[in-house]
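**Q** Chain residues, written in single-letter form:
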Amino acid sequence: MQKLVIEKTSSTPYIHFDGDAGYLQIKGESYPENVAKFYTPILEWIRNYLDQESKEMTVEFKITYFNSSTSKVFMTILDLLEQGVIKGRKVSVKWMCDEDNDIAIECGEEFKEDLNQLPFTVEVVKGEE
Amino acid sequence: MELSLYNLYKDLKAQKILLCYSGPIAQASIEGVGDTLRRNLEFEEARNATTLAVFSIFIEQAQNVLNYSAEKLNKADEDEKELRIGVVVIGYEDTGDYFVYCGNRVYNGDIPRIKSNLEHLRNLNKDELKVLYKERRRMEREPGSKGAGLGLIEMARKSEVPLGYSFEKIDEVFSFFSIKVVVGR
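Here the protein sequences line up with chains C and S, keeping their order. Count along the first sequence from 1, then add 8; that gives the number in our numbering. Count along the second sequence from 1, then add 13; that gives the number in our numbering.
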């Protein structure tokens, strides 16, 4: 599958989806005016990838801040990935946050609480941007 | 009479207002003002979590104005370029905590729905708010709704005290709705 790269803006994150490597990275901040419009292509991409490919998939979130409507879309993404796992795909998610960002750490933990089958780890890193 | 900006400035200072935005609001203004607000809080050496909490409430409130204010400027078929009008104010409580107020026009007919929603949130503790937030996060978006319906719950979760609110009648059609959130320093 082709690569999908979307550069970051002040209210939307950097998106890097490498189909060959089975790697998706979402990095930055997310509070767009129209969350559905921004995330629809990304959701499509994940759906297609899970349907067409059989490779292992790694997803990395490095999000310093996201608004409440983004939180809903992230849940949708995670549910989609969990469906993949239930159907037998190998998928894992890393939620990365800075040790100073208590809110981001807590948000990661709250996503984790709501997932049963999807391997989801919260990784606290020191002094990264 | 001439407008006395100095009086306005003094009033804002006297009410311990750090920042006030009033008028048409667009996503670009939210991003710009939000960034300035964050830098200001960093100068004041507020804790990281405090800065992010104040910023996030500002974003939820301003985006609520953008999605729901009953006072708007738009041209037909140009939903994306629409502007909506509201007021957002950030300042200090006497205790040193931060307050974030937001106000905009609403239709009188919508008041009972907004009020019962807010009263419900005011009666929940932090654990119950968390449960409600998670439930709502997995629910289907209401057709035609621009938001996820999570903004008020998010504000309630971050507020030190139950959400404050008021409705002041403007005329037979509109009232002015304001909401207040307090973030611990």
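Keep in mind the hints are simulated off the structure, nothing from the lab. In this text, all values refer to a predicted model and were calculated from it rather than measured experimentally. Beta carbons: idealized from backbone N, C-alpha and C, even for Gly. Worth double-checking, as some hints may not be accurate.
Stated by the list, open to error - Derived lysine-lysine pairs resembling DSS-like cross-links, with alpha carbons at most 25 Å apart:
(1) C/Lys63 x C/Lys98
(2) S/Lys88 x C/Lys45
(3) S/Lys88 x C/Lys102
(4) C/Lys120 x S/Lys88
Unchecked claim - Just so you have them, the derived chain C footprint on chain S, three or more residues with Cβ under 8 Å:
(5) 28-34
(6) 72-81
(7) 162-172
**Q** Would you mind confirming whether the straight-line C-alpha gap from C/Lys120 to S/Lys88 stays at or under 25 Å?
**A** Roughly 44 Å between the alpha carbons, so the hint for C/Lys120 and S/Lys88 is violated.
**Q** Okay, the segment 72-81 of chain S and chain C, do three or more residues pass the C-beta test at under 8 Å?
**A** holds (count 4)
**Q** Is it true that the CA of S/Lys88 sits at most 25 Å from the CA of C/Lys45?
**A** Given that 25 Å is the threshold and the Cα spacing comes to 21 Å, the pair holds.
**Q** At least three residues with a C-beta closer than 8 Å to a C-beta of chain C: is that true for the segment 162-172 of chain S?
**A** holds (count 4)
**Q** At least three residues with a C-beta closer than 8 Å to a C-beta of chain C: is that true for the segment 28-34 of chain S?
**A** violated (count 0)
**Q** CA of C/Lys63 to CA of C/Lys98, is that 25 Å or under?
**A** holds, 7 Å
**Q** Is the hinted pair S/Lys88 and C/Lys102 satisfied, with a Cα-Cα distance of at most 25 Å?
**A** Violated: S/Lys88 and C/Lys102 sit about 44 Å apart, past 25 Å.
In terms of the numbered hints stated before, the structure departs from hints 3, 4, 5, listed from lowest to highest.
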